[in-house]
Structures are given as C-alpha cells and as structure tokens.
Amino acid sequence: MQIGKPRRIHRVEPVKDPVPRRRREQEPSPSRSVPAKEPAVPGR
Amino acid sequence: MTVAALEGAPDYAEAFEAWRVWRVVRHDGDLALASVVKRTVWPAGEPLAAECLKALPLFDWLRRRQPHVAPEPRCECGIYAAGLDCVRSYLTDALPDARARVIGRVALWGSVVECERGFRASYAYPLALYVPLPRRGRSRAAIEEVAEALTRYDVPVEVLSIDRSDVGALLHALD
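If you read the protein sequences in the order shown, they are chains A and F. Under the numbering used here, residue 44 is the last one in the first sequence; the count climbs by one each step, no gaps. Under the numbering used here, residue 1175 is the last one in the second sequence; the count climbs by one each step, no gaps.
In isolation and in its complexed conformation, chain A is listed as follows (with noise of 0.2 Å):
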C-alpha cells in the first residue's frame, strides 16, 4: 500500500480492549448469578 513518507509517530495505549472476544471474555458474563449470602442462624 503506497501511504507515503512517515511524518511522525504516536503511541497508542487503548483504554478498551479493541478486540470483542478478548473484551467478552474479561467482562463478567450477566446470567452470571451471585449466590446469596445465606442468613446467619443464630445456633448453627
């Protein structure tokens, strides 16, 4: 591909992943659930 002389250079850090798999995978997934503490029995 013919773009021509470079004229400066930058670096790039994303802040967001810019691959959607890799993304997903961090995320956690919603039908995720959390178990519920079980209430403290006083006795148990």
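Simulated from the structure, these hints should not be mistaken for lab results. Each residue gets a CB set at the ideal place from its N, CA and C atoms; glycine is no exception. Mixed in with the good hints, there may be bad ones.
DSSO-like, lysine-lysine: derived pairs with alpha carbons at most 27 Å apart [said to hold, decoys possible]:
1. LYS1054(F) to LYS5(A)
2. LYS1038(F) to LYS5(A)
3. LYS1038(F) to LYS1054(F)
Beta-carbon label-pair distances, calculated as ranges [unchecked claim]:
4. PRO1067(F) to ARG8(A): 19 to 29 Å
5. ALA1098(F) to VAL15(A): 34 to 44 Å
6. LYS16(A) to ASP1175(F): 20 to 30 Å
7. HIS1068(F) to GLY4(A): 14 to 24 Å
8. GLU1051(F) to GLU13(A): 18 to 28 Å
Go by the hints and put chain F onto chain A.
Chain F only, in chain A's frame:
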C-alpha cells in the same frame, strides 16, 4: 507529575481507526482475513501483531542480529491501513487465490507510524467488515457464506449489494 512520568505517558488512549482491504482465504479449515500483499493471515479473537517481514541483510544474518521491532519508521514494516481513497484500488486488483475481497475499518494501536496517506501500526484488529459483490463468477449465496464465516471475528459484517468494480458507489455507501 514529573517530566519523566509525562514521557512515559501514551499519546492517545483510544485506538486509531482507518480502512483496509483483505483477501478472504481458507486457513486451517476456516475462512480467514489475509493481507492482500503478504501471506499474513489475521487471527480471530486476538490482535494481529506486526513483525518485520523484510529479509535481513546478509551481514546482519551472519552476525545473528535480531530483526527490529515493527513498525520501524525507516523500514516499510508494520500493519498498514489508510483512508478509503488510498485502499480502493485493492478492491479491483486481480487476486486469483482469494475467495473474496472485503473492505473494512480497522483499529490500530501500539506504536503507530503516521505517514502521508496512512498508518503503519504494531497491533491491529478489524472493527467492521463489508463484503461487496464480486464482478463475476461467485453468486450472492457464496458471498453471504463468506460473510457468515467472517462473523468469527466478532465484529459487524455486512454484505454490500454493490458490485466491487463500482468503486464510486461503494465509497459512497461506506462514507
């Protein structure tokens, strides 16, 4: 904040976006995106990392010198992307071994060399893919099959009802 800390800070916190054209090839049983000028196949689900594909000069090879980190401004290495006007010719050039040709937006990050008409980057991943109809030969069903296969990149894939030789209409649709 010290000057040293500022020097270590990135210039941008969002990936650059530009355009590319890919060949679609069969690779390890799947249809995959591949460079139009190199044999590089773009992996799905992970970024493509640039490496310098230029052969080392004999002197460097004999001294077992390692190739440089890509993109190196003085070399021609890196993952290329540019504006629509710059990539359009790759849609119509003859690429006999390709199943199809697709155009798309790509995210670029890492070290990005800004050039007069485009970029060379150290990392890239497609953002959206557009599959135009071929000039002749392949049916729309075959092109839709290609588009379906490319969904493994987990980015939007769209079949454009425009013959890829009609670059003007294509650019208008993408703009």
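Status of the hints after comparison with the structure:
no. : hint                               : verdict
1   : LYS1054(F) to LYS5(A)              : 18 Å, holds
2   : LYS1038(F) to LYS5(A)              : 20 Å, holds
3   : LYS1038(F) to LYS1054(F)           : 11 Å, holds
4   : PRO1067(F) to ARG8(A): 19 to 29 Å  : 23 Å, holds
5   : ALA1098(F) to VAL15(A): 34 to 44 Å : 35 Å, holds
6   : LYS16(A) to ASP1175(F): 20 to 30 Å : 25 Å, holds
7   : HIS1068(F) to GLY4(A): 14 to 24 Å  : 21 Å, holds
8   : GLU1051(F) to GLU13(A): 18 to 28 Å : 20 Å, holds
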